[in-house]
Amino acid sequence: MPDHITLFGISSREILWVFAQLHLNLAAFVIAVPTFALIVEIIGFKTRDKRYDKLAKDFARLITISLSLTSILGAIFLFSIIALYPKFFSYFSQVFSGTMIFYAMLFFGEFISAYLYYYGWDRLKDKKLLHIFIGFFLNIFGIAIMFVANAWVTFMMMPSGVKETGELYSLWSAINNPGWWPLNVHRLIANLAFGGAIVAAYAASNFLSAENENERAYYDWMGYVGNFIAVSAIIPLPFAGYWFGLEIYKYDQQMGITLMGGVLSWLWILQAIIIGVIFLGINYYLWVGMERIKGAERYRKYVPALLLIMTICFIIWFTPHSLVASLEEARKIGATFHPLLSVLGIMTAKNTVVNIMILSTFLSFIIYRRSSKIPNTSWARFGNFIFFSIIAVVAGYIIYLGIKGYYVETTVRINYSMYQVLSVLFVFIVCTPLDIAIYHKSKVIGSIKWGRMPPRSQYMLIVIAVSFTWLMGLMGFARSSSRLNWHVYKIMEDTSPSAFVPSLGYAAKVVSLITIIFFIMVGVIFFISKMLEHHEEERLQLK
Amino acid sequence: MAQQHEKKNPAFVFGLTVLLVSFVYTLIANSIPQIEFRPPEKVKITPDMGQRDLARMGKKILNDKGKCLLCHTIGGEGLRAPDLAGIGKRAEKRKKGYSSEDYLFESLYYPNIYVVEGYVPSMPPVNKPPINLSDEEIVAIVSFLQSLGGEVSVKSTTKPNSEKIGKKQEGE
Numbered sequence: 000m001p002d003h004i005t006l007f008g009i010s011s012r013e014i015l016w017v018f019a020q021l022h023l024n025l026a027a028f029v030i031a032v033p034t035f036a037l038i039v040e041i042i043g044f045k046t047r048d049k050r051y052d053k054l055a056k057d058f059a060r061l062i063t064i065s066l067s068l069t070s071i072l073g074a075i076f077l078f079s080i081i082a083l084y085p086k087f088f089s090y091f092s093q094v095f096s097g098t099m100i101f102y103a104m105l106f107f108g109e110f111i112s113a114y115l116y117y118y119g120w121d122r123l124k125d126k127k128l129l130h131i132f133i134g135f136f137l138n139i140f141g142i143a144i145m146f147v148a149n150a151w152v153t154f155m156m157m158p159s160g161v162k163e164t165g166e167l168y169s170l171w172s173a174i175n176n177p178g179w180w181p182l183n184v185h186r187l188i189a190n191l192a193f194g195g196a197i198v199a200a201y202a203a204s205n206f207l208s209a210e211n212e213n214e215r216a217y218y219d220w221m222g223y224v225g226n227f228i229a230v231s232a233i234i235p236l237p238f239a240g241y242w243f244g245l246e247i248y249k250y251d252q253q254m255g256i257t258l259m260g261g262v263l264s265w266l267w268i269l270q271a272i273i274i275g276v277i278f279l280g281i282n283y284y285l286w287v288g289m290e291r292i293k294g295a296e297r298y299r300k301y302v303p304a305l306l307l308i309m310t311i312c313f314i315i316w317f318t319p320h321s322l323v324a325s326l327e328e329a330r331k332i333g334a335t336f337h338p339l340l341s342v343l344g345i346m347t348a349k350n351t352v353v354n355i356m357i358l359s360t361f362l363s364f365i366i367y368r369r370s371s372k373i374p375n376t377s378w379a380r381f382g383n384f385i386f387f388s389i390i391a392v393v394a395g396y397i398i399y400l401g402i403k404g405y406y407v408e409t410t411v412r413i414n415y416s417m418y419q420v421l422s423v424l425f426v427f428i429v430c431t432p433l434d435i436a437i438y439h440k441s442k443v444i445g446s447i448k449w450g451r452m453p454p455r456s457q458y459m460l461i462v463i464a465v466s467f468t469w470l471m472g473l474m475g476f477a478r479s480s481s482r483l484n485w486h487v488y489k490i491m492e493d494t495s496p497s498a499f500v501p502s503l504g505y506a507a508k509v510v511s512l513i514t515i516i517f518f519i520m521v522g523v524i525f526f527i528s529k530m531l532e533h534h535e536e537e538r539l540q541l542k
Numbered sequence: 000m001a002q003q004h005e006k007k008n009p010a011f012v013f014g015l016t017v018l019l020v021s022f023v024y025t026l027i028a029n030s031i032p033q034i035e036f037r038p039p040e041k042v043k044i045t046p047d048m049g050q051r052d053l054a055r056m057g058k059k060i061l062n063d064k065g066k067c068l069l070c071h072t073i074g075g076e077g078l079r080a081p082d083l084a085g086i087g088k089r090a091e092k093r094k095k096g097y098s099s100e101d102y103l104f105e106s107l108y109y110p111n112i113y114v115v116e117g118y119v120p121s122m123p124p125v126n127k128p129p130i131n132l133s134d135e136e137i138v139a140i141v142s143f144l145q146s147l148g149g150e151v152s153v154k155s156t157t158k159p160n161s162e163k164i165g166k167k168q169e170g171e
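Chains A and B, in that order, give the protein sequences.
Counting from 1, position 329 in the first sequence corresponds to residue 328 in numbering that gives the first Met the number 0; the numbering is continuous, with no gaps.
Counting from 1, position 148 in the second sequence corresponds to residue 147 in numbering that gives the first Met the number 0; the numbering is continuous, with no gaps.
Chain B on its own, in the form it takes in the complex (with noise of 0.2 Å):
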């Protein structure tokens, strides 16, 4: 098998090797779906907030700061955890001797004592980091949850339930 070969620059082939290879690489990744994560916002809750604004206000932490739609859907599959839509109406009735209100705290701060069933305990405790929601954040979401198929009880006030909330009921 002989062959000829003619005789090529080595910095030259390599040089332009690169550039193409990173050029074709480079333009892939341009074709494809661009997300950008910006850091979340501040968000201001005050006492005198009605409660759309409230719900309002949950749905953009939702969507953006909590992350829950990493995980969670509204109106979809709900692969990796429940689907929220319906959830006003749902938690209502979820526990036993729980409000609905009770029921969506302690699913925000103590997410795993009560996990749906087919689904496995992965949530973290949304006032923790990585999260790190503050309290009236989360009041913000219960209101937005709430919203959703049920009627909203809490308002930018609520406190949650300690007596109640992130304790094991039996069978838990």
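Chain A on its own, in the form it takes in the complex (with noise of 0.2 Å):
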């Protein structure tokens, strides 16, 4: 039997691509809201903050309606990769499957953990470490669905643990294979900055229909932390992706060629603009959230010049190696490439300035906290100087290598960006903590007036929430893609007419057409979740 299969006039392959990418949409939600609720209540018992402890209520409450909506997307997924791929299935099962059955044991244990996590809310409250403790075993059995899962998609990407007639020696192998890890800790990033933006953006739309000023300003925080946590997981990504590429490259240089400068070269264009669209707008979030902060206002000099830093690498990092043009501008300018653009797109120019983006984006952030504080500590001049120090000699640095990884080969110029990346590491850890020590009992010269935001900033919350799902449904593409023709690269070929790699552009429409129904999909679970809220607001006042 051909894998190929046609239903209802649509490809087998269209029809898997859409389930698998909602499924994987719906599940990073369903990992990333437990993840967001935790931390949440965490905060709130260690502050006493009743706010935290509501929101994460809240948030707890959507964990058991999209867990029941996920497990069936992932139905649908597996029993159409059955009945659409099933030569492809017969011989993944026979590889993994013991994997398989701790999968599904897996998923029962993530089910009464998330039963008893949002059932017990209210019951558990005096017994918040207890409780706090069954949000903690949640997220570990979400975790670990999560990496199994991985363990089976990067198997598909870099096989191990098999002969080159795909004959199992190892599971461990095939589990651990080289993109096991690197996956497991960008997805886990990713999903805390997904499901922070979606939050935030949940916040912004609720922010904009609030009816009175309480409602906005509850709404301003909700979006406000949902941002926060959002960007602590960003600026940590790249790194990760970074890590994940670089083994891709290790496992097989050609499929990281094919990713890079092959056929799907285009696309990292489409997704500079996506990841820049996403840093400027948390960046301009913040940016504008500093107008509603009493003493935030001696920092504003400072914006225009972090906007320009920012434009600046941003416009670098989205120029095309080569330009679309015609015969007759080819002709103009001489050559295929463009003698200054092309300078500028090429890997030693977009790894400086995504570096530099990162750092400038640090900076946003420290203004914002700084800004309704005065530091009291007695070094405190000195601890300035040195933090924008670091600061100013690592951007320096950065920059010198992403010059000298002109003049370089190529083998010395990929240690170049892993010492850019190591830099920008060693601000994080450094200066934090320094800036923590540096406002350790500040004087606070102005409350942050809550609810006192223009609408804008809320638009821009809900654009970083949608294009980070479209971002991830264009990584879904890649990722699949970039094993061409084979369902398991070097080992299962698939040489059946859907089994080719389609034109951006077509793969856009199929992503778009994933976002709108997740965000469906995300409309109906908050949906369902007021109507519970209201059901429980009832039944507190009846009793």
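If you are wondering where the hints come from, they were derived from the structure by calculation, not from laboratory data.
The C-beta atom is built at its ideal place from N, Cα and C for all residues, glycine as well.
The reader is advised that the hints may include incorrect statements.
Stated by the list, open to error - DEER-style ranges, computed between Cβ atoms:
| # | chain 1 | residue 1 | chain 2 | residue 2 | range |
| --- | --- | --- | --- | --- | --- |
| 1 | B | R55 | A | L421 | 48 to 54 Å |
| 2 | B | F11 | A | T164 | 52 to 58 Å |
| 3 | B | F22 | A | E214 | 28 to 34 Å |
| 4 | B | R55 | A | I311 | 48 to 54 Å |
| 5 | A | L307 | B | V114 | 32 to 38 Å |
| 6 | B | F22 | A | K126 | 46 to 52 Å |
| 7 | A | I516 | B | P120 | 26 to 32 Å |
| 8 | B | S30 | A | E535 | 47 to 53 Å |
| 9 | B | S30 | A | T5 | 27 to 33 Å |
| 10 | B | V114 | A | R455 | 54 to 60 Å |
| 11 | B | L18 | A | L421 | 37 to 43 Å |
| 12 | B | V114 | A | W378 | 52 to 58 Å |
Claimed, not checked - Partial list, computed: chain B residues near chain A (C-beta under 8 Å):
| # | residue |
| --- | --- |
| 13 | K6 |
| 14 | N8 |
| 15 | A10 |
| 16 | V12 |
| 17 | T16 |
| 18 | V17 |
| 19 | N29 |
| 20 | F36 |
| 21 | R37 |
| 22 | C70 |
| 23 | I73 |
| 24 | R79 |
| 25 | P123 |
| 26 | P128 |
Hints are included, so try docking the two chains, each in its own frame, into the full complex.
This is the structure we're talking about:
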């Protein structure tokens, strides 16, 4: 039986593509929400601020509903594979049968702990530590489920533990393939950023429809918390992605080249645009948010400079190496590559600007954090000097390596990009605690006026969430297409007519469709959650 | 900072933003070059195929199934891998004691035994997955490569000299 079936005029490939990505998006949501709820619950427990506990519970309510929907989609996805790709599923189940049983058991644990976590919220309000413990287990189950699924996905890209004929000799090697840990880390961080972005977008839409000042203040605060968690996660995300890419190159250089310089090369221009929008959006939200903080006016003068840096970096980042030019234009240029733009379009320039963008976002966040505070420590001046010197030296070093990268061989240049990444990580590790220490017991000169946010900031939060979801779809396409026409790279080939890598334009249409369906589903989840909340309130009033 | 807020329908706001953002990204994606990858077609090489046809077939395989031009160029900069322009001539003298045929066969079956100076060993053996060319297809590629500035000596029935190729020499 060939691995190419058409159902209702839609090819097996499109059917599976849509179901797989929808399942993945919802699964990310299901893993992100408990993590988000648990973090917020712990903050509420530590600070004794009841708003955090309410927020965490509001989101715990989403878990049970979204878990059911994710499971239904997962089942549809599974049946679609069995029905549409029987040969592939037969081979795959031979390799991973042991993990499939484990996966089902983990789901059982996830369901039990999810229900205990949500329905035990009020009953365990006096035993908060026990409740947090249940939340911790809920997260462990969720993360373990993701890790198992990641092993399957990365095995398809970088099969290990099997002979050239595909015969399994080590299940552990098949699981612990070169892509497994990078993807685990990447998805763990990305899920948190995704969860934060969705929460912020939900808060934003409620902010815009708020009935009164109190509601606006609550949803403004919720949007801030969601965005804060998203920002914290998104800053290290490119490094995790870089690690994954590096492992792909190490495993099979040809696959790496297919991704970055072959059939999928133009995809990265689009990816750069979307990530640029996300980074600019996050910074914009922070800058606008400073308008509602008394004392922030001291820092507003730095915003235009940060905006300029971000814009320049953004433009360089999405500059393609080879321009789309007509024959006449190419003749005028006198070469295939534009003399200036092609210089900006290569990796050494892109690696440099992305690191500078991350540093700038870090700075935006720092000035936001400092907006209403005046340091009280005696060594604050010296501390600030060290703080900004470190950032200036690191930024200079990143640019220096970026320029030097033009004059060295590829093998050396690859190491430079690693040094750039490590330098930015060094800033986070050293400057974050330094900033906390400088502002320890600082004087607060003004409170944040929650709810006093212009609507444009809220639209930006929604744009960030949609961009993030769209980007997940695009990256799903990239990862899957990197295998070209192989179900399992180098092991199981698919020569059926549908096993081609479609054009980016076509893929974008499918990704948009998936994004729209996903947000309809999220809307349904939030709607049911609201109904449950009203039902709970009515029940409490009756009592 | 007193602000007047016009109350919005959340579903409408959210829905419109989702549609708008998706539309913009789709538009950008459709405005940049569109590249597709199709699974390679089966290539038929018969024993009676003439050298010219064989070289022509080799060129097609090199462009398509062999994915050689992902890294190599023919008359370009050769950033990732050596430029192939004039390889037919260079192959005759590239490796001591090796004919052009031997060198090219070895470069395809065992690409990392001899690596051109200035490049890193990165080419996969073309007879193995993911490229997975048949012996006949490799002969066709050798024929085409020889035609790039050199004399074509292989025929569709030529077999690589297994006594010679794939063995490291001193200094390699």
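Evaluation of the provided hints:
Roughly 51 Å separates the CB atoms of B:R55 and A:L421, a value that falls within the hinted 48 to 54 Å. A beta carbon spacing of about 57 Å between B:F11 and A:T164 agrees with the range 52 to 58 Å that was offered as a hint. Distance hint check for B:F22 and A:E214: the Cβ-Cβ separation is about 31 Å, which falls inside the suggested range of 28 to 34 Å. Restraint check, B:R55 to A:I311: a C-beta distance of roughly 49 Å satisfies the suggested window 48 to 54 Å.
One distance hint, 32 to 38 Å for the beta-carbon pair A:L307 and B:V114, is violated here, with the actual separation near 45 Å. Distance hint check: the CB atoms of B:F22 and A:K126 are about 50 Å apart, consistent with the given range 46 to 52 Å. About 46 Å separates the C-beta atoms of A:I516 and B:P120, a value inconsistent with the hinted range of 26 to 32 Å. Distance hint check for B:S30 and A:E535: the Cβ-Cβ separation is about 49 Å, which falls inside the suggested range of 47 to 53 Å.
Between B:S30 and A:T5 the beta carbons are some 30 Å apart, a value that agrees with the proposed interval 27 to 33 Å. For the pair B:V114 and A:R455, the supplied restraint of 54 to 60 Å holds, since their beta-carbon distance comes to about 57 Å. Between B:L18 and A:L421 the C-beta distance comes to about 41 Å, which sits within the given range of 37 to 43 Å. Restraint check, B:V114 to A:W378: a C-beta distance of roughly 56 Å satisfies the suggested window 52 to 58 Å.
With its C-beta approaching chain A no nearer than about 6 Å, B:K6 sits inside the 8 Å limit, and its interface hint holds. Taking 8 Å as the C-beta cut-off, the interface hint given for B:N8 holds, the closest approach to chain A being about 6 Å. Because the beta carbon of B:A10 sits about 6 Å from the nearest beta carbon in chain A, less than 8 Å, this interface hint is met. Taking 8 Å as the C-beta contact cut-off toward chain A, the hint placing B:V12 at the interface holds, the least distance being around 5 Å.
Checking B:T16 against chain A: minimum C-beta separation of about 4 Å stays under 8 Å; hint holds. Satisfaction of the interface hint for B:V17 is found here, the shortest Cβ-Cβ separation to chain A being roughly 5 Å, below the 8 Å cut-off. With a least beta-carbon distance of about 4 Å to chain A, the hint placing B:N29 at the interface is held under the 8 Å criterion. Hint status for B:F36: holds, given a least beta-carbon distance of 4 Å to chain A, under 8 Å.
For B:R37, the shortest C-beta to C-beta distance to chain A is roughly 5 Å, which falls under 8 Å, so the interface hint holds. Taking 8 Å as the C-beta contact cut-off toward chain A, the hint placing B:C70 at the interface holds, the least distance being around 6 Å. Taken as an interface hint, B:I73 does not check out: its beta carbon lies about 14 Å from the nearest beta carbon of chain A, beyond 8 Å. The closest approach between the C-beta of B:R79 and any C-beta of chain A is roughly 7 Å, which is under the 8 Å cut-off, so the hint is satisfied.
The criterion of a C-beta within 8 Å of any C-beta in chain A is met by B:P123, whose closest approach is roughly 6 Å, and the hint holds. Checking B:P128 against chain A: minimum C-beta separation of about 4 Å stays under 8 Å; hint holds.
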